[in-house]
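J.: Given next are the chains, with one letter for each unit.
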Amino acid sequence: MPNLPFTRNTKKSSWQVGRQLYYCWLMGLAWIFLTGCTILQELQESNLKRQQETRVRMKERYVTFEAPDDTGVNVSGDGLEIDSVHYKLSFGPDLHQHPDYDTPTERQQIGHGSLVFMESLYQFLYRIFGFEPKHKIHVILHDIYRGTKLMATTTIHAQNRMQNGQIIKVIQGIEMNFPLNMFGERPVRAHELAHAFTNIYLLPAWFSEGIAVWVEVEYAKGKDHRSVDLNEIKLTLDGLNAAQEWSGDLDAGADALTQWRYNYCYTIVAEIKDRFGEDFYPKFFKLMEEDKLYQRLPGNMPTSFLVYYLSQAAGEDLVPFFQSLKFKIQKLSRDEILKAIQQANQTLRRQKRNDESEE
Amino acid sequence: MNLKNNTLKLAVCQLLPIFVFCLLYFSLMGCKALQVLATSQEWSENYTLMAGTTCNDPAMIDGNLETIGETKYLEGASKQSVRGYMVPSEGVVILPESKSINKLVIYSQNLQAFDLFALETNGNWKHVQEVKNMTERQLTLNLRIPVYTSGLKIRVEKTSDDDALRRQNIQKIRGVSMFSGHTKALAKISEIEIYGFVQSPVE
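One line per chain: the protein sequences are A and B, in this order. For the record, in the first sequence the residue sitting at position 256 is 255 according to numbering that gives the first Met the number 0, with numbers rising by one throughout. For the record, in the second sequence the residue sitting at position 159 is 158 according to numbering that gives the first Met the number 0, with numbers rising by one throughout.
No lab work stands behind these hints, which were simulated from the structure alone. Note that the coordinates shown come from a computational prediction; the quantities given were computed from them, not determined experimentally. Note that beta-carbon positions come from the ideal geometry of N, C-alpha and C, so glycine has one too. Worth double-checking, as some hints may not be accurate.
Stated by the list, open to error - A short list of chain A residues far from chain B (calculated; beta carbon distances all over 10 Å):
no. : residue
1   : Ile109
2   : Leu124
3   : Arg126
4   : Ile139
5   : Arg145
6   : Glu174
7   : Gly276
8   : Phe320
9   : Ile328
10  : Ala343
To be verified - Straight-line distance between alpha carbons at most 25 Å, and here's what the computed DMTMM-like set of lysine to aspartate or glutamate pairs gives:
no. : chain 1 : residue 1 : chain 2 : residue 2
11  : B       : Lys102    : B       : Glu192
12  : B       : Lys125    : A       : Asp334
13  : A       : Lys58     : B       : Glu119
14  : A       : Lys148    : B       : Glu119
Please construct the entire structure, taking both the sequences and the accompanying hints into account.
T.: Below is the structure:
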C-alpha cells in the first residue's frame with residue numbers, strides 16, 4: 000500500500016511524458032509539413048521565375064514578336080500593291096516574272112505576310128524611339144536593285160517650301176527598296192526601318208548609319224557589325240575623323256573604310272546611350288521635334304548642330320567628347336543657330352529674287 | 000487492468016489522429032483520381048493564339064492561313080562565307096507560359112524536312128522529333144510523348160525551293176563551286192498551331 004502513491008505517481012508521470020512526447024511528435028510533423036510546403040512553394044516560384052527569364056532571353060535572342068492586333072492590310076486584286084496601317088508594299092517589275100511572285104495569289108499571300116512582320120517590326124522600333132514617322136512607308140521589293148542583290152536603301156523625300164517668309168524642309172514621303180535577298184534578313188529590315196524612323200530629322204550620314212546599325216546589332220541581333228575601340232581613329236588627310244566625312248552613299252561602291260565607318264559610328268551611338276541611359280535617344284529626338292529647327296537648316300545638318308541637341312539631352316557639353324574623337328565641330332548656342340538660319344534664308348530669298356528678275 | 004486500459008487509451012489517442020489523417024488523405028486522392036477518370040480529354044484551343052505568344056515571324060501565328068511567314072536564317076556565321084551561306088533557317092514560337100503539348104499542325108507550301116525542338120527551363124533546346132518527308136501542305140504531328148514547354152523551334156532541313164536556290168547561288172567554274180548566296184531556302188509557313196489536352200467532365 001505505501002507503494003501505491005509512488006506507483007500512481009510513476010504511472011502518472013509516464014503518461015504525462017508519453018503525452019508530451021506525442022505532442023512534440025505531432026508538432027514536429029506539423030512543422031515538417033508546413034516547412035515542406037513552404038520549400039515546395041519557393042521551389043515552384045523560383046522555377047516559374049527561371050522559366051520567365053528563359054522566355055525573355057529567348058525572345059531577345061530570336062527577336063520574336065506578337066502578331067499585331069490590326070494590320071489593316073488591304074490587298075489589290077492583282078496583288079501588285081498591298082497596303083497596311085503604316086506601309087504600302089509594291090513589287091518591282093523584275094519580280095513580276097519571278098517564280099515565287101508571278102501569280103496574284105503568291106504576291107497577295109507573301110506580301111500580306113511580309114506586312115504582318117513589318118507592322119510588328121514597326122511597333123518594335125516605336126518602343127525604342129518613342130516616336131514614329133507621319134508618312135506611310137513605301138516598301139518596294141526587287142529581284143535585283145541597282146544592279147545588285149546586296150544593297151537596300153531608305154530614301155526620305157524632302158522638299159524646300161516657303162512658309163511665313165522662311166524656307167523649311169518638308170518631308171513628302173519615305174521609300175525603302177530591298178532586293179528579295181536582303182528583305183529576308185531581319186537585321187537588314189530593322190536597319191532600314193531605323194532609317195525610315197530617324198531620317199525624317201535629316202540627320203548627318205554618319206549619325207544616321209550609327210543609329211541604324213545600333214538598332215540592327217543591339218535589338219535585331221544582327222551579326223554583320225561590331226563595336227570597335229573609339230580611340231582607334233582613322234583620319235582623313237586633313238587630320239579629321241574619317242567617319243564624319245562619310246556621305247553614307249554606297250553607289251560609288253564600298254571603300255576600304257566602309258566597314259570601319261559602320262562599326263565606328265555604331266560604337267559612338269552605343270557609347271552615348273551607355274553613358275546617358277536607355278531613354279537618351281527618345282529624349283534627344285523629342286528635343287529635336289519640339290524645336291523643329293532641323294526643318295529650317297540650310298543644306299545638310301552639320302554635326303555641330305546635332306551635338307547641340309545631344310548635349311541638351313545628355314545634360315552636359317558633348318563637344319569635348321567629339322573633339323577628342325577628332326570630329327571637326329564647334330560649340331553652338333541657340334542664338335548662333337537661329338542667326339545662321341536667318342542668314343541662310345536672306346541669301347536664299349535674295350537668290351530667288353535675282354532668279355525671278357532674270358526671268 | 001487499469002494499466003492495460005491506460006496503455007490502450009494511449010495507443011488509441013495516438014493512432015486515431017493518424018488514422019483520421021490517412022483517411023482524409025486517401026479520400027482526397029481518391030476523389031482526384033476519380034475526377035481524372037471521370038473526365039474526357041479534348042484538344043485545347045490553339046496555344047499560339049494566346050495573348051503574349053511571340054514568333055520570329057508573326058505571320059506564322061496570326062491565325063490567318065492567307066498570310067505566309069518565313070523562317071529566319073540563323074545569325075552567327077559571316078554571311079559572306081560558304082559556312083554563312085549554308086546555315087539553316089528556323090521558326091521559333093515562344094508561348095506566354097509552359098504548356099503540355101501533344102500536337103502540332105504546320106501549314107506550309109515548301110517545307111519538306113525539319114527538326115522540332117522544345118525549350119527547356121535552362122534555355123537549352125531539346126530535340127523532340129525529326130520529320131523527313133512532309134509531302135502535304137498540312138502536317139499534323141502527334142507527339143508520342145507530350146512535351147511540357149514554353150517554346151518550340153522548327154529548324155528547316157529541306158524545302159522544295161532548295162534546288163532552285165542552289166542552282167541560282169552556286170556556280171561551278173573550272174570544277175570549283177562558287178557561292179554567291181544562301182543554299183537553303185526559307186520555309187514559307189502559313190500557320191503553326193500548337194495543341195495540348197484539356198479535361199472536361201463526362202456528361
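J.: Quick check: which numbered hints come out false for this structure?
T.: 1, 12 and 14
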